[in-house]
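Input sequences plus hints: build the corresponding full structure.
Residue numbers (UniProt numbering), protein chains in the order written: chain R, 1 to 421; chain G, 1 to 379; chain W, 1 to 308; chain F, 1 to 249.
What the hints contain is simulated information worked out from the structure, not anything from laboratory work. Note that the structure is predicted; figures quoted are calculated from it, not measured. Here a beta-carbon is modelled for each residue, glycine too, at the ideal position from N, C-alpha and C. Just so you know, not all the hints are guaranteed correct.
[To be verified] Here are the simulated SDA-like pairs of lysine to any residue, each with C-alpha atoms no more than 20 Å apart in a straight line:
{"#": "1", "chain 1": "R", "residue 1": "K244", "chain 2": "W", "residue 2": "E155"}
{"#": "2", "chain 1": "G", "residue 1": "K43", "chain 2": "G", "residue 2": "L310"}
{"#": "3", "chain 1": "R", "residue 1": "K117", "chain 2": "R", "residue 2": "S163"}
{"#": "4", "chain 1": "R", "residue 1": "K117", "chain 2": "G", "residue 2": "T188"}
{"#": "5", "chain 1": "R", "residue 1": "K276", "chain 2": "W", "residue 2": "M150"}
{"#": "6", "chain 1": "R", "residue 1": "K276", "chain 2": "R", "residue 2": "N314"}
{"#": "7", "chain 1": "R", "residue 1": "K245", "chain 2": "W", "residue 2": "M7"}
{"#": "8", "chain 1": "R", "residue 1": "K245", "chain 2": "W", "residue 2": "L277"}
{"#": "9", "chain 1": "G", "residue 1": "K223", "chain 2": "F", "residue 2": "R123"}
{"#": "10", "chain 1": "R", "residue 1": "K389", "chain 2": "R", "residue 2": "D409"}
{"#": "11", "chain 1": "R", "residue 1": "K379", "chain 2": "R", "residue 2": "A364"}
{"#": "12", "chain 1": "R", "residue 1": "K208", "chain 2": "G", "residue 2": "S97"}
{"#": "13", "chain 1": "R", "residue 1": "K124", "chain 2": "G", "residue 2": "T196"}
[Stated by the list, open to error] Sample of chain W residues at the chain R side, in silico, Cβ under 10 Å:
{"#": "14", "residue": "A12"}
{"#": "15", "residue": "R128"}
{"#": "16", "residue": "Q270"}
{"#": "17", "residue": "K283"}
{"#": "18", "residue": "V284"}
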Amino acid sequence: MSNSEKHNGANGVNRRAVLAGGAALTASLFTPKLLRAQDFPTAAVNTTGLAVTDDTVTVGILHSVTGTMAISETGSVQAEKLAIEQINAQGGVLGRKIEYIQEDGGSDWPTFAEKAKKLLVSDKVASVMGCWTSASRKAVLPVFEQYNGMLYYPTFYEGLEESPNVIYTGQEATQQIIAGIDWVTQTKGAKSFYLLGSDYIWPRTSNKIARKHIEKLGLKVVGEDYYPLGHTQFNSVINKMKLKKPDVIYAIVVGGSNVAFYKQLKAAGIDMTKEKPLLLTISVTEDEILGIGGENIEGAYACMKYFQSLTNENNMAFVKAFKEMWGDDIVIGDVTQAAYLGPWLWKAAVEKAGSFDVDKIREASPGIELTTAPEGYVKVHENHHLWSKTRVGHAKRDGQYEVVFETADLVEPDPFPDGYQ
Amino acid sequence: MTTAPSNRLFTKSEAIGFVILAVIVFAILPLALDTFRLNLFGKYLTYAFVAVGLVLCWGAGGILSLGQGVFFGLGGYCMAMYLKLEASTPENTSIQSTPGIPDFMDWNQLTALPWWWEPFHSFSFTLFAVIAVPVVFSFIIGVAMFRRRVGGVYFAIITQAVAAILTILIIGQQGFTGGVNGITDLRTLKGWDIRTDSAKEILYFVNGIMLFACLLTAQFIRKSKLGRLLIAMRDQEDRVRFSGYDVANFKIFVFCIGAAFAAIGGAMFTLQVGFMSPSFVGIVPSIEMVIFCAVGGRLSILGAVYGALLVNWAKTTFSESFPELWLLGLGALFIAVVMAFPDGLAGVYTDKIAPRIRKLLKRGPPALPAANAQETAAE
Amino acid sequence: MFSDYSMGELGAIFAMQGFAGLILFSVFVLMALGLAIIFGQMGVINMAHGEFMILGAYVTYLTSNVFADFLPALFSIYFFVAMILAFIASGLLGMFVEWAMIRHLYKRPLDTLLATWGLSLILQQVYRSVFGAREVGVTIPDWIMGSLPMTDMIEIPINGIFVMVLAVSISIALYILMYKSGWGRQVRAINQNRIMADAVGINTAWTDRMTFGIGCGVAGVAGSAFTMIGSTGPTAGQLYIVDTFLVVVFGGAGSLLGTIASAFSISQAQSILEFFLSGSMAKVLTLLTVVGILMLRPQGLFALKLRK
Amino acid sequence: MTIHNPNFVLMVEDLTVSFDGFKAVNDLSFYVEPNECRVIIGPNGAGKTTVLDLICGRTKATSGSVNFKGQELLKMREDQIVHAGVGRKFQTPSVYEDLTVFENLELSYPQGHGVFGALFFQRDDPVKTRIQEIAETIFLEDHLSEKAAYLSHGQKQWLEIGMLLIQDPELLMLDEPVAGMSVAERKKTAELLNRIINDRSVIVIEHDMGFVADIATRVTVLHQGKTLSEGSMERVQNDPKVIEVYLGH
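Below is the structure:
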């Protein structure tokens, strides 16, 4: 793959498949009103010197293709490219084809900042889809604020942030956590919890919110443990869990540690299908199950906003198009879907504002609705996060989740939750 | 020739080398590059501090530390703590439950600034700490190891473990350190906005001046009797010991100097890049810093600067165009430097290029004095 | 923290925890044995040790796929075939690396460190290009992933027993190889005096290559075994390198017994601390203790006192 | 503990060192007088080099005492022992090959031995004169600006002796100073040693009996870490125990 060059959207992929997918989506979901470029003169829609011509508009894709985070970020890159393909197939944004410049963050935070700056300053991209870890987002944030760029950030994360220059397309912690804990206490009658996490900010913050909520419900947290990223030995903590006999193991383990944890849990005789204890996680998407092995995590519950197995029409078309573009073996996790929303949300904001200017997009963004999202209907909140439903999936042996619960209404994003800090 | 060999600070060719580097750093790069690229080169130059320290420790003294990232990080963190406190005024942080403390502390339910953060309100204390903290730390490690005659491979592995420990600690104590995200969103230095283009340019020059100060210090050490003792220790440690020197003291000293250089680099890194995170403390960056030094030539302080510039520039360029090939290239570079060019760029220069230049110069006036030939080989 | 539990429960947990410590011990032994040979006997610092382990893991992954596709009837025992293949693959790669690289660097131990670090980067990228950046899921036969219920509380994981048995058998095999066979005598002779060994007719070049190959092969077997408990990805090997080196150095280079003793003490310390503290702090305390002891006793636990 | 006796420069008493149970030096005692040249001889493995290692602090003794002019050397660091006035030459020539002869001698000049002393050490005239003087003594005055790596084996041995001389030690210990030298070099070395041992005490380990006879005041024969015989060259040569050890088996 060669980066840092302009890509016309359809390069290197099966154009027909994409068009078919895009068309299927278009046809089945809504009838787009075709916007023609000549109705929107470049000088009018681009007053800040962004990379917009009469026929094209350039955006940036900024993820890790190399390094340890490449494992996770690949799916996001694929989703963003798919969305761009489909938008172009429908006629682009304000009649202009989207071109993208892809940069590699190399799993290294200063590199992210460096490349973000390059995208904004040298390439003058109209928006950036990118970042995965909180650390990379924190590193680029000052750059986006200084040069007034717009970042579409796909990962579920710890919250505690609300930047005018970021649209958070994944869930923040309270959206993901509170609904899940309510569900497990109401349907499963859980009374005691054991919190486990990898040792960094997202698991720690999430567990903090979880603990407050559990205690608010009058229930008990019987243990809380953190292991360094990349840790591979979990027998001691599994023993502690056996001693404390929690009803729920609430696990936020990430990366390679995940694989070790679930394999060792299974080997220690904790059969998750028996739900004694029940395992609830917010960090294992279908992507992670590939590495863990479906047979090792069968019976666990995951709480997030999207599962590949969702059966609504939007999602069926999305999964079909995704597989046509990237191959049949691929799985789609929560973050991948959230990344897919980025270009669509940006398109909607541009069209609502009638301009590519970042300030106008920012103004236009709150209130934007997307009825075509694979996860269903979403809406941008004033705090730049998405209103979205939260769902609970039950892991099956084949590596997919069966959706067993879904919140009745959209959950309001609350990045600075009162009483949870 | 029965007179004593040259004892001047510079031989002629060394002086020329310093001048050329100064021209590159202070004239060519700033003129040729836009602010963005210049800032990148400024970042690369902060690694050169570490590489120069490694030339003293490893090339001259034979002490290979795989934990230089620790000192780079400590220096950088000290600076970042000061900048973060300045950025965390009660007005800026009014949305927090406890305004006036850094944001990550607030997220971690800290309600007051930890006592050991307090002194970092003072800029002069911070400047002191940038050097003192890493030096004290390296002194402790140095005393413990060199007094017990731990050297070579063992020293390398233990410093590596120290880097691992510090990384886990920083990440684990996120309420106090910012955890894996590091200390981010640094804005001003005594009210001066360090994010603007003009600030970046000024910082680049400050960085260059600091680097030359370190280079001159390193050159002075190399040319002093202490410098010759380091080489002597590397080759015949026992002989030095039985000539009445307390070998450990010299190793501790040079290790502390290396740590101080790395720390200055770290502080300049924080200023120019605008944040500090544990990813510069661990094993991988520490080993990469060794390769900067090896590529430049482990015996040449000027080579170390070129090594840091070249490897990092290549990293940026190649990872932009061929992200998949970059790791292969970096790996191959490690192997090539060790197997084919153990003296790095500086070695290639003295063996292959310098003789030709001299030949050329000899043909036409003014000829370089032949006496310098051997001295050139030493640098 | 224990007042709420009955004696029976506590007894069971301590038994389990002891067992967890033993598993960790076996994991450390498996990680460190290959390195102990290469570092201890040859003085080579192989920073690519983790990547040799991961090669074994990938071989296991491929073998499991082949068995699943072509020999489903024999799937339950594919693991043994995989371990042998892992040994061969990592061993051959090791011998190649020794021939191409290491043999030129015997006099410069610190340089082997840099060169093998370069090698590890290259191997990581090769794994990424061949197997993809994502972790691969190795399907383990069900019988290995089960557990033996001893009482209500005590359940012994079979993969733990498997790792332990493997660690013990490889240790014994290596012990016999190094200390009871003519070949082992040659290796040790070279370690003590290369020139002399050469002079008395030992084929030092071949012995070196075999030693390095066996060390890497053992790493491959370890990697194969770790598919049962850990992840298999391009960069997974990096997770092991610091622990492995500390185990070997702490034990005293050149001493297999020392390596085993050090694996035992570090694993027990870590396992016990993990039970009482959070995992991160347990790890920091363990590493600090090891580094502290190494500063006081740099030659490690079991170094011979030699006349220099 | 040994009480210092002003008649002796060095008093070695009950010195023992054991390596994992093997006693390389076993309960050894001997005494060296001022201006004496003591030669230690003995078969391979007798513990000769180990004795020197123990005196100069390179090996730590298991028990016993080494008293040098009233100071207990066993409790001192190597560099402190050197400063007390003990110089040691190793068996294989150990000079700094990457440095010039001048620099080799300069590093041994007894000044600027602390870290900062070395950092701000000035190469002034007394230093240069002294180096010139020593270089002449060790036949290397024409090689001062050459790298030590380019010297012949014998010249390296001389250089190392010169590096000791410049410190002007009261007790000089030489481990096989003529090993590997040509006949001509041997003669020159004997001459050199005869010149420099006059105003100090010397302990020499040597195999070459002709050379020993040339320089020795007294001879100590070591066998299995113990003194087998001691006295003048003539007495030792006629001692039946010595003959048995050297020729008996």
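Here is how each hint holds up against the structure:
Of the pairs offered as hints, the one joining K244 of chain R and E155 of chain W holds, with about 15 Å between alpha carbons and a cut-off of 20 Å not exceeded. Between K43 of chain G and L310 of chain G the alpha-carbon distance is near 12 Å, which keeps this suggested pair within the 20 Å criterion. Between K117 of chain R and S163 of chain R the alpha-carbon distance is near 17 Å, which keeps this suggested pair within the 20 Å criterion. Between K117 of chain R and T188 of chain G the alpha-carbon distance is near 19 Å, which keeps this suggested pair within the 20 Å criterion.
Taken as a hint, the K276 of chain R and M150 of chain W pair is honoured in the structure, with Cα atoms around 18 Å apart against an allowance of 20 Å. Restraint check for K276 of chain R and N314 of chain R: the C-alpha separation of about 36 Å exceeds 20 Å, so the hint is violated. Distance hint between K245 of chain R and M7 of chain W is fulfilled; the C-alpha atoms sit about 16 Å from each other, no more than 20 Å. Distance hint between K245 of chain R and L277 of chain W is fulfilled; the C-alpha atoms sit about 18 Å from each other, no more than 20 Å.
Simply put, K223 of chain G and R123 of chain F have alpha-carbon atoms about 12 Å apart, close enough for the 20 Å limit, and the pair holds. Taken as a hint, the K389 of chain R and D409 of chain R pair is honoured in the structure, with Cα atoms around 6 Å apart against an allowance of 20 Å. The suggested pairing of K379 of chain R with A364 of chain R holds, with an alpha-carbon distance near 12 Å, which does not exceed 20 Å. Straight-line distance between C-alpha atoms of K208 of chain R and S97 of chain G comes to about 16 Å, which keeps the hinted pair within the 20 Å bound.
A C-alpha spacing of about 18 Å is found between K124 of chain R and T196 of chain G, which places the hinted pair at or below 20 Å, so the restraint holds. A cut of 10 Å between beta carbons decides the hint on A12 of chain W: the least distance to chain R is about 8 Å, and the hint holds. At its closest, the beta carbon of R128 of chain W sits 7 Å from a beta carbon of chain R; the interface hint therefore holds under the 10 Å criterion. Checking Q270 of chain W against chain R by beta carbon gives a least distance of about 8 Å; that is within 10 Å, so the hint holds.
Among the interface hints, the one on K283 of chain W holds; its C-beta lies about 6 Å from the nearest C-beta in chain R, closer than the 10 Å criterion. Hint status for V284 of chain W: holds, given a least beta-carbon distance of 9 Å to chain R, under 10 Å.
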